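K.L.:
These are the residues of each chain, in order.
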Amino acid sequence: MLKVEHLTKVYPNGTVALKDLSFEVPDGEFLVIIGLSGSGKSTLLRCINRLIDPTEGKITMDGIDITAAKGAELRHIRRQIGMIFQHFNLVKRSSVMTNVLSGRLGYLNSWSSTLGYFPHEEKERALAAMTRVGIADKVHSRADALSGGQQQRVGIARTLMQEPKLILADEPVASLDPVLAHSIMQYIEKLNEEDNVSVICSLHYLDLIQRYAERVIGLKDGVKVFEGLPSEINRAKFKEIYGEEAQDMRATALV
Amino acid sequence: MKEKTSRSRLVSIFLSALVPGLGQLIQKKYRAAIAIFLAVATSIAVVAWYGKPAWYILPALIWLWNIWDASSLPGGKNAVLPILLWLLMAYGIGGQVTEFNLRALVENSKRSKDIVSAMFQLDFTQPKTEKKEGFTDIQSPCSATPPVPDRTVNGVRVYVVEPCATVNQTITVKGEGFWPNTPTLIYWQNPIGGKAMDAQVKSDAQGNVSLEWVVSPYVHSTAPDPTVPQIHRIKVSQSRPIGGIELSDVGGYVVQGIYETLALAFLSTIVGALIAIPFGFLAARNLMTGNPVTTAIFLVTRTILNIVRSIESLIIAIIFVIIVGLGPFPGMIAITIHTVAALGKLYSEVIEGIDSGPIDAVKATGASWPQVVRYAVIPQVVPTFTALTIYRWDINIRSSTIIGFVGGGGIGFFLWQWIVLQDYRAVGTAFVAIAVVVIILDFFSARIRERLV
Chain E
1 MLKVEHLTKV
11 YPNGTVALKD
21 LSFEVPDGEF
31 LVIIGLSGSG
41 KSTLLRCINR
51 LIDPTEGKIT
61 MDGIDITAAK
71 GAELRHIRRQ
81 IGMIFQHFNL
91 VKRSSVMTNV
101 LSGRLGYLNS
111 WSSTLGYFPH
121 EEKERALAAM
131 TRVGIADKVH
141 SRADALSGGQ
151 QQRVGIARTL
161 MQEPKLILAD
171 EPVASLDPVL
181 AHSIMQYIEK
191 LNEEDNVSVI
201 CSLHYLDLIQ
211 RYAERVIGLK
221 DGVKVFEGLP
231 SEINRAKFKE
241 IYGEEAQDMR
251 ATALV
Chain V
1001 MKEKTSRSRL
1011 VSIFLSALVP
1021 GLGQLIQKKY
1031 RAAIAIFLAV
1041 ATSIAVVAWY
1051 GKPAWYILPA
1061 LIWLWNIWDA
1071 SSLPGGKNAV
1081 LPILLWLLMA
1091 YGIGGQVTEF
1101 NLRALVENSK
1111 RSKDIVSAMF
1121 QLDFTQPKTE
1131 KKEGFTDIQS
1141 PCSATPPVPD
1151 RTVNGVRVYV
1161 VEPCATVNQT
1171 ITVKGEGFWP
1181 NTPTLIYWQN
1191 PIGGKAMDAQ
1201 VKSDAQGNVS
1211 LEWVVSPYVH
1221 STAPDPTVPQ
1231 IHRIKVSQSR
1241 PIGGIELSDV
1251 GGYVVQGIYE
1261 TLALAFLSTI
1271 VGALIAIPFG
1281 FLAARNLMTG
1291 NPVTTAIFLV
1301 TRTILNIVRS
1311 IESLIIAIIF
1321 VIIVGLGPFP
1331 GMIAITIHTV
1341 AALGKLYSEV
1351 IEGIDSGPID
1361 AVKATGASWP
1371 QVVRYAVIPQ
1381 VVPTFTALTI
1391 YRWDINIRSS
1401 TIIGFVGGGG
1411 IGFFLWQWIV
1421 LQDYRAVGTA
1431 FVAIAVVVII
1441 LDFFSARIRE
1451 RLV
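Protein chains in written order, with our numbering: chain E, 1 to 255; chain V, 1001 to 1453.
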């Protein structure tokens, strides 16, 4: 159970990205965050694994205070929280294998892994993760030799290596075409259902929201303006969150 | 109304004639006023410093234009004319100051033709030869009991018929056991080893050599007191080709110099690159501007790198020649220092340009700081670092060829001596060797860099 209480983030330049935000994510839930670019979705996800330090408020996971964690304790928490990025954030010049293995770094001895040593069973685990997302044949390719959809699957395999309790997906399909978007969302859904991993995912497309979300939180200018079931989001609500000029955006509308 | 306008115009003209730009100033044309004043002031200053009054015509013309301009205010005139006049002043005097002299190129063509044609006769190899040599010692001037000038070494006998040598008298040098019918060099070595006289003869069919030789006063030129008897040496030497070629003396020095230069460039690049890496991280804005302490370190590092980079490595070399003495070592230190500054700056720019996405991703897996550096930073910077380092090696080879001019070792050291000694064949040989080596390494470094980036 992830608990976010009165979370506020003010950037040094004065921008208020999140304002007094509170919500809970029960174990195994698929929560979708919606909102315009700049509404605070990325900031929220990055506060949860502390890539960004919140200004005020408290985040706890299973009773452990993430916001107060430091050093080894923080790394310990981070390794239980996988993250999937819009731009995949792979190390382009490294092999797929190395990219996937890097997901395991939080579990490994800092110095031997810094020297490039990975135990045999970790390589096995990496291969299994790659097989699960269907890229086992790309083990030795360089990450930038892969297509966008394949790169995002490498990103998912990297997350799998963490054996996470929670996955943060920051617009995971925003730089993919509609067909690939569904395929990637299905992999995330599978993790959610088969491994009982909680997912917090930011999305833009109404059809993806209604297809994958269990619950939806809408953000506008850092404030929670909606919390409820995907079926409650009608066109009016969508316009309220996204503003008047919002179109009915459907990922599959182009197909 | 009209009267007022013409009166203010007259005031402008009067003020501009008095002080260039003043008329424009009171008409609130500030930029024009400043430009006109500076143009007149700088051109007068330059002409005054140069000291040839004829050039005052140009500032005077600009002054006149300024009055004309003031007369047409508030509109003003097109400024092309004064700009052209000012440029004429700047380039005209500039050309004379740099002693721009195309005639010199033609007038000295005879001398330059000799030099250039010598440079094309490369002195890199020579035919392989074998030698047959003999010698005898001889006293000059004579004492009461001179040692007998007769010596046999390896079956070759050299002797002088007279017991000792007196200046301006004839001695008879004879040799036995040489190759028959072969050109033979006979030369006189003074007591400190200098060549005082030489002569060419030819051996007869039996391998005997004979020479009637007048002893020149020059044999005593290095003696502190020419009346004190000293031991000199007469050498007889034959050489003949045995087929094949070998490096000439110059060729040998060129090879040694090139080798030294390459070693110097290689070592200073590697050492410089290793030292530059930490500087690169310290001078990277994105890593260092997080808090005031690291920002201060960043600013200091950047400033030091910028200052050191602006000092030519030749100048650094001169300082280190004074400290550690002549040779490749001061050259190496100088090029290393320059490499650290140049690469440190370039490395920091590479680090500033890396993608923060992978860093976030690896951090998010719970990786420690060294793991993040190893898996997210290093893979991103290594190829570019390597390419920059190889490019720097290229530059260092070129600068280490001339670092020898100030005593920094390598081919440049030899080249400088040959230029001073006017041995233009050797100079040409060194030029060609440097060009060949630089072109070859350029080619390979370009190929490697292509594959890296």
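Since the hints were derived computationally from the structure, they do not count as laboratory data. Hints may be right or wrong, so weigh each one.
[To be verified] Short, incomplete list of chain V residues facing chain E, as computed with Cβ under 8 Å:
(1) Ser1008
(2) Gln1371
(3) Pro1383
[As the list claims (entries may be wrong)] Only part of the chain V face toward chain E is listed, based on derived beta-carbon distances under 10 Å:
(4) Ser1071
(5) Pro1074
(6) Tyr1091
(7) Gly1207
(8) Leu1211
(9) Ala1367
(10) Arg1374
(11) Ala1376
(12) Arg1447
[Stated by the list, open to error] Pair by pair, the computed Cβ-Cβ distance ranges are:
(13) Thr1295(V) with Glu56(E): 39 to 47 Å
(14) Thr1303(V) with Asp53(E): 57 to 65 Å
(15) Val1293(V) with Ser37(E): 47 to 55 Å
(16) Tyr11(E) with Ala1296(V): 49 to 57 Å
(17) Thr1295(V) with Ser37(E): 56 to 64 Å
(18) Asp53(E) with Ala1296(V): 41 to 49 Å
These numbers were taken from a predicted model, which means no experiment stands behind them. C-beta: ideal position from N, C-alpha, C; glycine also.
K.L.:
Hint by hint, say whether it matches the structure.
P.N.:
Checked hints:
For the restraint placing Ser1008(V) at the interface with chain E, the shortest Cβ-Cβ distance is roughly 52 Å, beyond the 8 Å limit, so the hint is violated. At about 5 Å, the closest approach between the beta carbon of Gln1371(V) and any beta carbon in chain E falls short of 8 Å, and the interface hint on this residue holds. For Pro1383(V), the interface hint holds, the least distance from its beta-carbon to any beta-carbon of chain E being 7 Å, beneath 8 Å. The restraint placing Ser1071(V) at the interface with chain E is violated, with a minimum CB-CB distance near 55 Å, outside the 10 Å limit.
Interface hint status for Pro1074(V): violated, as the beta-carbon distance to the closest one in chain E is roughly 46 Å, over 10 Å. Nearest Cβ of chain E to the Cβ of Tyr1091(V): about 50 Å, over the 10 Å cut. The hint is violated. With 10 Å as the threshold, the beta carbon of Gly1207(V) stays out of range of chain E, its nearest partner Cβ sitting at about 74 Å, so the hint is violated. For Leu1211(V), the interface hint is violated, the least distance from its beta-carbon to any beta-carbon of chain E being 77 Å, above 10 Å.
This hint holds: Ala1367(V) has a C-beta 4 Å from the nearest C-beta of chain E, less than the 10 Å allowed. The interface hint given for Arg1374(V) is met, as the beta carbon of that residue sits about 5 Å from the closest beta carbon of chain E, less than 10 Å. Interface restraint check: Ala1376(V) against chain E, minimum CB-CB distance 6 Å, threshold 10 Å, status holds. Because the closest C-beta pair between Arg1447(V) and chain E is about 19 Å apart, greater than 10 Å, the hint is violated.
Against the hinted window of 39 to 47 Å, the Cβ-Cβ separation of Thr1295(V) and Glu56(E) comes to about 26 Å, which falls outside the hint. Against the hinted window of 57 to 65 Å, the Cβ-Cβ separation of Thr1303(V) and Asp53(E) comes to about 31 Å, which falls outside the hint. A C-beta distance of roughly 35 Å is found between Val1293(V) and Ser37(E), which places it outside the suggested range of 47 to 55 Å. At roughly 23 Å, the beta carbons of Tyr11(E) and Ala1296(V) sit outside the given window of 49 to 57 Å.
About 31 Å separates the C-beta atoms of Thr1295(V) and Ser37(E), a value inconsistent with the hinted range of 56 to 64 Å. Taking 41 to 49 Å as the suggested C-beta distance range, the pair Asp53(E) and Ala1296(V) does not conform, at roughly 23 Å.
Consistency with the previously given hints fails for numbers 1, 4, 5, 6, 7, 8, 12, 13, 14, 15, 16, 17, 18, ordered from lowest to highest.
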